[in-house]
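Asks: The lines below spell out each chain.
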Amino acid sequence: ETGVTQTPRHLVMGMTNKKSLKCEQHLGHNAMYWYKQSAKKPLELMFVYSLEERVENNSVPSRFSPECPNSSHLFLHLHTLQPEDSALYLCASSQDYFYGYTFGSGTRLTVV
Amino acid sequence: GDSVTQMEGPVTLSEEAFLTINCTYTATGYPSLFWYVQYPGEGLQLLLKATKADDKGSNKGFEATYRKETTSFHLEKGSVQVSDSAVYFCALSNSNSGYALNFGKGTSLLVTP
Chain A
1 ETGVTQTPRH LVMGMTNKKS LKCEQHLGHN AMYWYKQSAK KPLELMFVYS
51 LEERVENNSV PSRFSPECPN SSHLFLHLHT LQPEDSALYL CASSQDYFYG
101 YTFGSGTRLT VV
Chain B
1001 GDSVTQMEGP VTLSEEAFLT INCTYTATGY PSLFWYVQYP GEGLQLLLKA
1051 TKADDKGSNK GFEATYRKET TSFHLEKGSV QVSDSAVYFC ALSNSNSGYA
1101 LNFGKGTSLL VTP
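These protein sequence lines are chains A and B, in that order.
Reading the first sequence from the start, the letters are residues 1 to 112 in the working numbering.
Reading the second sequence from the start, the letters are residues 1001 to 1113 in the working numbering.
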C-alpha cells in the first residue's frame, strides 16, 4: 500500500472514446500531480494542484482535462486521444517541497 | 531554471559489484535532493533524500551525499543484488519553484547473477 491509489491499472481506449483516470490519496497531503511517462522520454509534469487549485499546466493539449474535487481525489479526463498519448500516467501527492512525492502505481494507457 | 543531469544508462553490473550512478544539478537557493526507484511495471518509490548540504540520505544499502560544492548527489551501493535491477531517477525540488519535482532522465540498472 503506497498511500496513493490509481485506477484503473490498465486502460485501452479508441481515439473517439472518453475515459477518466482516478487518483486517490489518504496521506493528508495538500498537493497532487499528474505525470506522463513515455518510453525513451523523461518524465513530463502535466498538472499540479495545490489546495485543490490548479497551479501549473505545462502546455498540455486540451484533450487532457484534470479535475480535483477535493484534496484527496484527482481525475484526468481523456477524450479524442491520439496513439502518441499511449503512456504510463502517474499520479503523485506531497505535503511540502522538501518531503518529496508519494507516487501511485500508474495507469498504463494504450490508445488504439 | 533548475535542472538535473544523471548518467546515461543502461548500467549492467554483476551481483555484489559496487554501484555508482552520477547525478549533478543546477539550482538557485537551497534545493532538496531525492533518488527515486522504479521497478518494472510499477510507479516511482522514494529511495532516499537529503534536504541540506552535507546531509547523507540512506536506505536499503543505498547512500547519497548532498555536495553543494560540486552540485552533486551521486547514488552508491556497496554490493548490488539482482533485485536492485530497476530504473533510478535523481530529482530536485526547490521552494523557489513551488512543489514541483524536477527529474533527471533516469538510469536503467541491470544486475546479473
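Everything labelled a hint here was simulated from the structure, so no lab data went into it.
Nothing here was measured: the structure is a model prediction, and the numbers come from that model.
Hints should not be assumed to be uniformly reliable.
[As the list claims (entries may be wrong)] To give an idea of the interface, some chain A residues facing chain B are shown, with a C-beta separation under 10 Å as derived from the structure:
#	residue
1	48
2	64
3	79
4	103
Note that the Cβ used here is the ideal one computed from N, Cα and C, for glycine as well.
Asks: The structure should be examined with respect to each hint, and the outcome stated for every one.
Replies: Outcome of the hint check:
no., hint, in the structure
1, 48, "holds, 6 Å"
2, 64, "violated, 17 Å"
3, 79, "violated, 24 Å"
4, 103, "holds, 4 Å"
In the structure shown, a violation is registered for the earlier hints numbered 2 and 3, in ascending order.
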